[in-house]
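Taken in sequence, the protein lines are chains A and B.
Start counting the first sequence at 1; every next residue gets the next number (this note's numbering).
Start counting the second sequence at 166; every next residue gets the next number (this note's numbering).
Keep in mind that the hints were calculated from the coordinates and are not lab data.
Every residue, glycine too, gets a C-beta built ideally from N, C-alpha and C.
Be careful, since some hints might not be right.
To be verified - Under 7 Å between C-beta atoms, here's a sample of chain A residues computed to sit facing chain B:
| # | residue |
| --- | --- |
| 1 | P23 |
| 2 | E45 |
| 3 | H46 |
| 4 | G47 |
| 5 | T53 |
| 6 | A59 |
| 7 | R62 |
| 8 | S134 |
| 9 | A135 |
To be verified - Just some of the chain B residues that point at chain A, by a computed CB distance under 7 Å:
| # | residue |
| --- | --- |
| 10 | P204 |
| 11 | A352 |
| 12 | A355 |
To be verified - Here are a few chain A residues that sit away from chain B, every Cβ distance over 10 Å (derived from the structure):
| # | residue |
| --- | --- |
| 13 | S6 |
| 14 | G9 |
| 15 | R16 |
| 16 | C64 |
| 17 | E97 |
| 18 | E126 |
| 19 | A132 |
| 20 | G142 |
| 21 | E155 |
Given next are the chains, with one letter for each unit.
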Amino acid sequence: MTRSISLIGLTVNGVRHELAVEPRRLLVDCLRDDLGLTGTHIGCEHGVCGTCTVLVDGASVRSCLMLAVQADGATVTTVEGLAPDGALHPLQQAFREAQGLQCGFCTPGMLMLAWELLRDHPAPSEAEIREAISANLCRCTGYQGIVDAIQLAAERHAVPAGAAR
Amino acid sequence: MKPPRFEYAAPHKIDEAVGLLSQHGERAKVLAGGQSLVPLLNFRLATPEMLIDVNRVAELAYVRPLGSGVAIGAMTRQDTLERTDVVRSRLPIVAEACRLIGHLPIRHRGTIGGSLAHADPAAELPAVMMALDAELTAVRHGGRRTLPVEQFFTGVFTTALAPDELLTEIRVPGLPPRTGGAFIEIARRAGDFALVGVAAVVTLDDGGRATRARVALCGAAPAPIRAREAERVLVGARPDARALDEAAEKIAAAADPPGDIHASPAFRRKLARHVGRQAMELAVRRAGGAS
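Pulled out of the complex, with its shape left as it was, chain B reads as follows:
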C-alpha cells in the first residue's frame, strides 16, 4: 500500500524542527530513519497530517566522546554507531546490539533516536540504554530538559516525550574499569525482532566480586525493563554459577512477556532466563578481561 497524503517539511536546524513541532503538535510526526514509521504509513496505521523530516538536520548526527562516556546525536544511523571507534572502544555492548537490528539496509537508515522514540518493546537499543543509565535530552520551542532513560519509556510504543518535543541527544556515561557488557537476543530468524533480549553490564572489584550490575530486557514487557532483583543478587556476590542461576531466575520473574504467534508468554520467560544467564555470564567474563 501507499502512504496517505501528508504535508511535508524538511528543516535543516533543530530550532526550525521544534518550531514546526510547537506549531503543529499532535498533527505532526517526526520522521527519523523511517524504518518503522514508513511501514506504518504504508499500512495507513499512522496517518499524520504532517511529517517533519529531520534527516537533513546535520547537527543531530554525531558521535563524540563526553568525559569518559559518549554523546550521541539522535539522528546517528545504527550502522554508523556500530562502526564508530569511540563506541566500539567505550561501549562495545552498543555496537554488539546494533549488529542485531534488522539488516544492513535497515541500519543504513535507522537511527538511535528513532529507535528510542518509537519505543518498540522488542527493540534492542532501548534495553541497552537502560543497562547503560543513559540520559536523554529533549528540546522543545524555548526549552530543553534532560531525563534519565528509565523515565523515558512509559508503555508500548509510548514515551515521556511531549508532542512538541524532539529527542536530540543520548548521553551515555563512561563505565568504570573492570566493567563488562553483553547483549544477547533470541529471534526466530537473523534480523527478525527479538522474542527476548537481555543487556547485562557488570563491574567487578579486584577480588572478583560484583560491585555494580545492570540487567535490562527487551521483548519481555510493554516497555524495556530493568531486572533489579537480578542486579541485587549479583552485587556483592562472586558471580559464580550459583549466583548466575539465581539471578537468571530473577530475570524470568521480572519478565511479563506478551504471547503472540511467535512465542507464548511462558516460552518467552524461559528464553529470558536462558539468554539472561548467558548475557550476565559473558558480561562477567568480559569484566574480567576476556573479550
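Pulled out of the complex, with its shape left as it was, chain A reads as follows:
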C-alpha cells in the first residue's frame, strides 16, 4: 500500500494522461514539467499567491498545495484549456481589451478564478468579483483592470453559466 513511485491517470483539458510520479510531486510541477503545460505559473509555492490556480473536478484549487498523486482519476482544467485552438477565449479577450494584465504572471490564475466565478455567478457584483480575485495576488495592475475585464466578460456572457467543467 505504501509507494515510492505512483502510477496515476488524469485528464487535463480533455486529454487523458498516464504517468509515473513520486508521491512528493506537486500537481503544479506535474502539469508544467511532466506534461509541458507551462501556462500554469508557479509563484510562492506555499499557497499564498494563487498564480498556480487550476480547476480540479471543476473547483478552483492551488496546484502547489496538492500532490499529483491526489489528482489520480481527476479532471483538471488549466489555462491552456480555455483556448484549445490557440484563439483567445472570450474571457481572455476581455482581459486583453480591459487591460486586465500587465506583466502576465498572475494572469493564468486570475483567468481560472474568473472562469469559475462567471460559471457559478453569471452576473457578479463588483464586490463579488473583488472577493473572488482576492484569492490571488497581482503586483502590477492594481486589480482595477482585472475587475473591469471580468465585468466586461460578464456583460458578454463570455462564460456560459454552469458551463461544463
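Following the hints, complete the assembly by docking chain B onto the known chain A.
Quick look at chain B alone, frame taken from chain A:
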C-alpha cells in the same frame, strides 16, 4: 521549494488509515486538505517519513442531522460545510466562520478535521467549535474515544490526539430556541489569518435575559480559549450596552495574545474587546429573532 521524500499511502477506509497509524505512529502524518501541511512540507518545516492521505476515505466526508444538532465527518471540506443546508439552518455561525477561512480555492480543499487537528491558534473553526460545545471522536486501531472540544486543544499546533489516533467526527449539539450566534474576526486583508476572532453564542429567555452564553476566541492565546468571565457577566443579565461593555472588558482580560509583525499584544487585546463586543451584540440580536 519542494516537499522532501516521503512514503505515501492513500487508504479508502478508516480501519486501514488507523491500521497504518498504529504501524507508523510518530513517523507518519495524516494528510487531510493539505492547505497547511503541504506548505509546511514545501518549506520542509515538516519532514514526515510517511504521509497517510485520507482524502479517499469517503466515510469521513458527510454532514448529517443528529438529534437537533449536526454530525460532521472530519474530511468535510470547509466550502461544503458552508453550503450545506443543515449547517446553514441549525448552525449558521459555522457557515459564517467558514466564509472567512482563506479563500475559495483554500476552502475547496481545506477540511474541518484538518483545521481542528492542525490547531493553528488563529484558525476560525477551533474557536467556533469551542463556542458550540462540540464533541470530537478520535479512532485508533482497536478503539475509539469521544472528548469535549475543550480538552482537545493543548497548545500551539498541539492537540490531545495521540500519534496513532485519527480525528473522525465532530458532533455539534443542537442549540436551544432563542439562541443566536455570531463569529467576527479582524484580519489585515480579506482571507488572511485573523489577528483576533470571537465566536459568541447567546440564549435568551422570554424576558430577554441571557440564560446561557459561550464566548470563544482565536488568535488571542496559544490555543483557542473560552472567555468564561465574559460568559458569567452575560448569564442572568439583560444584555444591554452596559453588560456588553463589561463582558467585552472580560474578553480583553482573558486574552493573552502573541505579538508579531502584524500586531502587538496590546493591539490584539484591544481588537479582542472590540470584535468581542460586536460578536456578542450580534449574537444577542440574532437570539431575539434578527438575522
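Tested hints:
1. P23: At about 3 Å, which falls below the 7 Å cut-off, the nearest Cβ of chain B leaves the hint on P23/A intact, so it holds.
2. E45: holds, 5 Å
3. H46: Check passed: Cβ of H46/A comes within 4 Å of chain B, closer than 7 Å.
4. G47: Holds: closest Cβ of chain B sits about 5 Å from G47/A, inside 7 Å.
5. T53: Holds. Min distance 6 Å.
6. A59: holds, 4 Å
7. R62: holds, 5 Å
8. S134: holds, 5 Å
9. A135: holds, 3 Å
10. P204: Hint holds; P204/B Cβ to chain A Cβ min 4 Å, cut 7 Å.
11. A352: violated, 11 Å
12. A355: holds, 5 Å
13. S6: Its Cβ does come within 10 Å of chain B, the nearest being 7 Å, so this is violated.
14. G9: holds, 14 Å
15. R16: holds, 20 Å
16. C64: At roughly 7 Å from the nearest Cβ of chain B, C64/A sits no farther out than 10 Å, so the non-interface label is violated.
17. E97: For E97/A, whose nearest Cβ neighbour in chain B is about 26 Å away, the distance exceeds 10 Å, so it holds.
18. E126: holds, 14 Å
19. A132: Given that some Cβ of chain B is not farther than 10 Å from that of A132/A, nearest at about 7 Å, it is violated.
20. G142: holds, 15 Å
21. E155: holds, 23 Å
Hints 11, 13, 16 and 19 from the earlier list are contradicted by this structure; the remaining hints agree with it.
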